[in-house]
Every structure is written in C-alpha cells, then in structure tokens.
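Student: Chain by chain, the residues:
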Amino acid sequence: MIAQIYFSVFATLALACALYLLVARHPLYGALSLIGTMLSLAGIYSLLSAPFLGVVQVLTYAGAIMMLVVFVIMVLNSSHDHVVPRFDSRGFILLLVPAVLSACLLYVLHTTHPLVDAGAIQGSAEAVSIQLFNTSQQGSGAWILFEFIGLLLLAAMVSAVVLAKKHLDKKDCV
Amino acid sequence: MIDILTVQIIAALLFCIGVAVALVRRNIFFVLMGVELALNATNLSFIGFSRTFSGSASMVGQIVPLFSIAVAAAEACVGLAMVILIFRARESLDSESFTSLKE
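So the sequences go chain by chain: X and E.
So the mapping is simple: the working numbering equals the position in the first sequence, first residue as 1, plus 749.
So the mapping is simple: the working numbering equals the position in the second sequence, first residue as 1, plus 21.
Since the hints were derived computationally from the structure, they do not count as laboratory data.
Every residue gets a Cβ at the ideal spot worked out from N, C-alpha and C, and that includes glycine.
Some clues are possibly wrong.
[Unchecked claim] Residues on chain E that point at chain X, a partial pick, calculated with CB under 10 Å:
#1 Arg-46
#2 Leu-53
#3 Met-54
#4 Glu-57
#5 Leu-58
#6 Ile-68
#7 Ala-91
#8 Val-92
#9 Ala-93
#10 Leu-122
[Unchecked claim] Label pairs and their calculated CB-CB ranges:
#11 X/Ser-757 with E/Ser-121: 46 to 56 Å
#12 E/Met-22 with X/Asp-837: 37 to 47 Å
#13 E/Asp-24 with X/Cys-853: 49 to 59 Å
#14 X/Phe-836 with E/Phe-74: 18 to 28 Å
#15 E/Glu-112 with X/Asp-837: 18 to 28 Å
[Unchecked claim] Now the stretches of chain E that chain X is said to cover, found in silico as 3 or more residues with beta-carbon under 8 Å:
#16 26-35
#17 69-79
#18 95-106
Throw the hints in and build the complete structure from the sequences for me.
Tutor: Below is the structure:
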C-alpha cells in the first residue's frame, strides 16, 4: 500500500517535470526539471525491485550527464536566448507524430495484460553483477558487451576532446 | 503491488513527451534533452517488463538499461561537443539558424 502511494507520487512528479521541460523558457530551468524527472524515475526503479539501477540512474544520469549539460549551458550562455521564440512555428504540425504514437502505444498496451511474476529476482548489486559477469557457456554473454561499452566510452571521450578543443596556432603550443 | 500496465503507460507518455520536445523546441539544448528523456522512458519500459519474467530472465531486463545508460553517456558527451562547435561557428543556439544546406 505504501509502495503504491510512493509510486503515484514519483509518477506524477516525473510526468509534471517532463511537461515543464516542454514549455520551459530557459534551458537551465529545463535541465533542472529534467533532473527532477530522472530522480523520480530512480525512485520508480527502486520500487520495481531494481535498486542497483536506481543508484546507477542517480549517479550517471542525474549526476554525470546532467552535470555536463548544465555546465555547457552555463558556458554557452548566449544573451539572446530569451529573444528566440520557444517553439518552431511549423513544429506544431509535428506534434501529431507523438500524439498518434502515444495513441497507438496506449491502444496496444490496453489490449495486453502484463502480470508481475512472483519469481522475479530483486536486482541488487550482487544479483546484477553475477548475471553481468557470468563468463560461462550458459551465461547471457553480457560481459562481452561490457568490454565493448568501455571501448565506446573511450572513443566518445577522445572524439569529444578533439571536437571541442580550441584550434591553437602551432607556435602557441608548448 | 505496483501495476505493470501503469508503469508502461507512464513510460509511453514520457517517451512521447520526449519526442515532442525534440521535434517542437527550437533551442538546441532542448532537442538534446528531449532525446535524453525518450531514452529514460525506454529504460523504464525495460525495467517494468523485466518484472513479468521469473528467474535469471528477469535480470536480463535490468542489464540492458545499464548498457543503454552507458550509450546515453557517450551520446551526451559527443552531442555536447558538437553543440559547442556549432555555437562557435554560428554564435547561436537556434536550430532555425543551422539551415546552410537549404540556401
């Protein structure tokens, strides 16, 4: 019962913050409301018996990614941000796309009846890492993906540094 | 007990709001943040459906979002670097001013 109450509070917060992102005037306010969405989603993950993913969500999404976004918004704080109209004038026709998409999704979801399986495992850090680093033949093979994710993150870091650095003159380089 | 159908409906609504933000807003930061919101909604959907399986199959549904979070981190990293590049070239964050291909 108390889980139900927490769930409705988190779900309302997530949807309200997401709707505020749609209409926010300054990108900084939008980023702060997106952080609110991510924190309430972390709470929902914990309620859905995935506490490890909730912690990862807070650390990586609300912590690292949104910190980077807020940092770049503050660095590039252009003075004519408020003069630019918020919405694309022709973009309102494009709103049909998510409207039709949500109608289709809700119709499909309405016809299915997913039920909670009592045998679902509580996703603690131990259970997740046992499944993730299972290198035996019977395992899911997710550890290979884990290695490739490390490579991907390294490539992303190097490309971000190369893209965003200022092009210095050769004589300025020491 | 939390109803999985409610979780999926919330995930669908969040995904559609994210797509709407990415399509309608003109500021390029909002486009990036809309994509992040859509990614978050798919993670919620994965975790909701992972509860409908039993045993180790339910853990697979919790491992896929881990990878998706890592890919989102890489995407945000490269995307923000490109925003900095575009801003240096155009001195603007308005997506309407990035139409040099049209002219």
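Student: So, for every hint listed, does it hold in this structure?
Tutor: Quick rundown of the hints versus the structure:
1. Restraint check, E/Arg-46 versus chain X: the minimum CB separation of about 7 Å is within 10 Å; hint holds.
2. Restraint check, E/Leu-53 versus chain X: the minimum CB separation of about 7 Å is within 10 Å; hint holds.
3. Because the closest C-beta pair between E/Met-54 and chain X is about 5 Å apart, less than 10 Å, the hint holds.
4. At its closest, the beta carbon of E/Glu-57 sits 7 Å from a beta carbon of chain X; the interface hint therefore holds under the 10 Å criterion.
5. At its closest, the beta carbon of E/Leu-58 sits 6 Å from a beta carbon of chain X; the interface hint therefore holds under the 10 Å criterion.
6. Interface hint at E/Ile-68: satisfied, since its Cβ lies 5 Å from the closest Cβ of chain X, which is below the 10 Å cut-off.
7. Restraint check, E/Ala-91 versus chain X: the minimum CB separation of about 5 Å is within 10 Å; hint holds.
8. Checking E/Val-92 against chain X by beta carbon gives a least distance of about 7 Å; that is within 10 Å, so the hint holds.
9. Taking 10 Å as the C-beta cut-off, the interface hint given for E/Ala-93 holds, the closest approach to chain X being about 7 Å.
10. Annotation: interface hint on E/Leu-122 violated; nearest CB of chain X at approximately 17 Å, more than 10 Å.
11. Evaluation of the 46 to 56 Å hint for X/Ser-757 and E/Ser-121 yields a pass: the beta carbon distance comes to about 48 Å.
12. Against the hinted window of 37 to 47 Å, the Cβ-Cβ separation of E/Met-22 and X/Asp-837 comes to about 43 Å, which satisfies the hint.
13. Separated by about 21 Å at the C-beta atoms, E/Asp-24 and X/Cys-853 break the suggested range of 49 to 59 Å.
14. Separation of X/Phe-836 from E/Phe-74 is about 41 Å and departs from the stated range, judged on CB atoms against 18 to 28 Å.
15. Look at E/Glu-112 against X/Asp-837: about 20 Å separates their beta carbons, and that is inside 18 to 28 Å.
16. A stretch counts as covered by a chain when three or more of its residues have a beta carbon under 8 Å from one of that chain; for the stretch 26-35 of chain E and chain X the count is 9, and the coverage holds.
17. Check on the stretch 69-79 of chain E: 10 of its residues sit with their Cβ under 8 Å from a Cβ of chain X, so the three-residue criterion for coverage holds.
18. With 11 residues having a beta carbon nearer than 8 Å to a beta carbon of chain X, the stretch 95-106 of chain E meets the requirement of three or more and the stated coverage holds.
Violated hints, listed in ascending order, are 10, 13, 14; each of the other numbered hints is respected by the structure.
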